[in-house]
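Novice: Take the sequences, apply the hints, and build the full model.
Residue numbers (this note's numbering), protein chains in the order written: chain A, 1 to 425; chain Z, 1001 to 1312; chain F, 2001 to 2178.
By construction, these hints were calculated from the structure, which means they are not laboratory data. Nothing here was measured: the structure is a model prediction, and the numbers come from that model. Careful: at least some of the hints might be erroneous.
Ranges of calculated distance between the beta carbons of each label pair, as one might list FRET restraints [said to hold, decoys possible]:
#	chain 1	residue 1	chain 2	residue 2	range
1	F	GLY2096	Z	THR1250	54 to 62 Å
2	Z	PRO1266	F	PHE2164	31 to 39 Å
3	Z	ARG1058	F	PRO2084	42 to 50 Å
4	F	ASP2146	Z	ASP1073	53 to 61 Å
5	Z	GLU1017	F	GLU2089	20 to 28 Å
6	F	ARG2080	Z	ASP1073	38 to 46 Å
7	Z	THR1093	A	ASP132	31 to 39 Å
8	F	PRO2084	A	ARG424	53 to 61 Å
C-beta: ideal position from N, C-alpha, C; glycine also.
Read off the chains here:
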Amino acid sequence: MAKILIKGGRVISPAQKLDDICDVLIEKGKITAIGKKLDSKGTEVIDASGKVVTPGLVDIHVHLRDPGLEYKEDIASGTLSAVTGGFTAVACMPNTDPVNDSQTVTSYILKKAADEGHCRVFPIASITKGLDGESLTEMGELRALGVYAVSDDGKPVSNPQLMRRAMEYAKPFGLTITSHAEDLDLVGSGVMNEGPVSTELGLKGIPWVSEDSATAREVMLAEFTGAHLHVAHVSTKGSIDIVRQAKKRGVNVTCEAAPHHFTLTDDAVRGYNTNAKMNPPLRSEEDREAVRQGIADGTVDAIATDHAPHHIDEKNVEFSIAMNGIVGLETALPLTLKLVEEGVIDLPKAVALLTCGPAESLGLPVGQLEVGGAADITVIDPNLEWTVEAQKLASKSKNTPFDGWQMKGAAVCTIVAGKIAYKRG
Amino acid sequence: MSFTHKHILGIEQLAKEDIKLILDTADAFKEVNSREIKKVPTLRGKTIINAFFEASTRTRLSFEIAGKRLSADTVNISGSTSSVVKGETLEDTAKNIEAMSPDIIVIRHGHSGSPHYLAERVGCSVINAGDGTHEHPSQALLDLMTMREHKGSIEGLEVAIVGDIAHSRVVRSNIYALSKMGARVRLCGPGTMLPIGIERLGNVEVCTDMREAIKDADVVMMLRIQMERQSNIMIPSLREYARFYGLNPTNLLLAKPDAIVMHPGPMNRGVEISSVVADGVQNVILDQVENGVAVRMALLYLVSGVESMQTK
Amino acid sequence: MAKAETIILDKAGIDRAITRVAHEILEYNKGCVDLALIGIRTGGDHLASLLQSRINKIEEIEVPLGAVDITMYRDDLAARGSKPIGKTEIPFPLDGKHVVLVDDVLYTGRTIRSAMDALMDFGRPSTIQLAVLIDRGHRELPIRSDYVGRNVPTAREEDVVVVFDENQNPVEVKLVKP
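Specialist: See below:
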């Protein structure tokens, strides 16, 4: 395998407290040197001057739809979308068909990722068998296979007793519980954030309290059991506050925020735009501001996309019956860099939220940039201006609310285990 | 002024001048309905499809009669609004209807936003005959026409609307229409039926006590309680509802002596409106129904002009 | 560039024409038994009202007066779009009446066609006659006027305008050249 030298970039690796203009040498899939003016003899040189070199980006919340829903996305297309967006590792949710609740499905995903994937894939298994909310999966064995977290994403565990037992059981195996915190009774038949816009559009609302009350329950159960809770896609002011207070009390909790929640509000639903329909829904300006505040003050540990591909036929319908979710892997990086541009966070913090932050949230062995470590690296041009064209996304699905948006910043080269997995242009 | 709206998706998109023109046009068409020969050749050769995906008797009937009195060919199709994606999509249904070259599609649909969805995908005019809990523009226009007939002008009227505000498309359209025409709207209903931010839609005041809402009102509009749709967590009983949110001869005394009583129908006697009031001299409910035909004739006529000009 | 305008009829001229037409109507119909006047909006209705009072002066009888708006009967929706619709008011039964339709300017005849269609929807008059202030020619339908204030030869691109004051009284008739 050829040696690669990434030359002259601003290397930022928050985990290593590294932020310096230097070169990175890659040999045999590993990083063998980081330093100034490294010898380029016999290497493929990537000129990174004016660019930012970071650990490969990590997205701990994606839906690869494989097995079973390959018409939306599969492991090959989903990971291609990931590396196009600068991600070298993704953690995929278990709501596939069949549900990833067993060693069989987990093995299938891992094998297919090894054979056809463009980046690392960490399967998240379900908490309950078949997402039925009734009986626990074989978490011990799943952990042994390489599962780091369990989640009933999208079909949250409603029974608090069962959630308590899941946490107690997962804890000694070192598994993280990722919770899609939502009280489904309070959601009812809601299809967008409940507020003046839902009233105006005559669409059933999803109140913020459906998320806050569930987040509060999960945090309290984590406090009670001592298990590690990771709260997925926090979208409300209240949830941010609950996590912030819990962290102060020393509760073992982390959380993530999705780019659409810190970028858009429920205003985007106007015109019955089904690409602005997701769960949790786009919230009010106050909530959006609170999420940004949470990102700024460290309450939010990770930015995760909740990449949720859907076929055009599932979105090109009346708003009320359209599927929830948007694709996010290819727009997450510029939207995060926008936070830097807008002064919410600095660049190293942005990198942390996309690398070591998410990796540590689930305990994944990625998100580092160090000599001897795996050569998962993303070269970012923070000033590259480009326009999102939904039809040109690498993902099989084109359901993005950002179609036509002017973006600034993109991954120009994504290296996975020492191999160039994506090069822009 | 000339009318420029090819579609009538909601009152929200209409300007004050548009509403006035529609009402004036409806006044003129109302005369046709009093003739012995209740038919004019205005829309001869036009095809109007009434696509009703949700049960409706009077609105469909009203649109159908309106179309026929204008000499248009009207065809009704009905279907159900399934909440699951199966069978033919609304887009495919629309494309199939469009292939038969209608000039206007009148749509009633259970999902909010369906007429907007349709308008983006077909070439002909689309008129919203009620979408989910969003808008019901022709109902609001006939309400305004009735108010104008009885009160001379809409401007300055105090209009109380009582009932299930949250699930009412009639309310939303009326708030827009009345606010644009300079009236004030007071809303009242059980706490479970008052949606967040409704006051932001127009010149609206939300009252928790019905007596406060109807005090000195010029118009009292009662909304239908959808008895078949009510689960018992919205209201404890119809009995209690009638007591706190029903219109009866006693609380009607709080309104102005010449106040008119309106209801979009069909009424639940003894629930939101007592029979004494429903049959009383202040009620103008049948005027509303009569004006409905005239307003719908006006809408069909006005959008046809825009549609024909564009086609040409 | 300002359009060239010529005054065809002044106020006195209009007055004399209306008086003459009133006499002709009475003469032809041998009085005003079963006579009715219906003006075509807008313009013809004002003239019909003038004719009514002129006839009243002569015969001391108030002839029934109506107004018809022909917008609903037009054949040019696609060309002109939806015009505002005026009120049609015919407060008497038409059956058996000798109806004199009144319009300001007779041109292609299409307006008269529409007006006759409208009248037929209201009943079955014995006869329909046509009185116009100006006949400017260029008929497109087999329609002629029974009573004419003034025949004015015109070119198609010209326009004939009857000007009314704020009390709906005609003050002059202009020929406007493009």
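Novice: For every hint, state whether the structure bears it out.
Specialist: Each hint, compared with the structure:
no., hint, result
1, F/GLY2096 <-> Z/THR1250: 54 to 62 Å, "holds (55 Å)"
2, Z/PRO1266 <-> F/PHE2164: 31 to 39 Å, "violated (49 Å)"
3, Z/ARG1058 <-> F/PRO2084: 42 to 50 Å, "violated (28 Å)"
4, F/ASP2146 <-> Z/ASP1073: 53 to 61 Å, "violated (37 Å)"
5, Z/GLU1017 <-> F/GLU2089: 20 to 28 Å, "holds (25 Å)"
6, F/ARG2080 <-> Z/ASP1073: 38 to 46 Å, "violated (22 Å)"
7, Z/THR1093 <-> A/ASP132: 31 to 39 Å, "holds (36 Å)"
8, F/PRO2084 <-> A/ARG424: 53 to 61 Å, "holds (59 Å)"
Going through the hint list in order, the structure does not satisfy hints 2, 3, 4 and 6.
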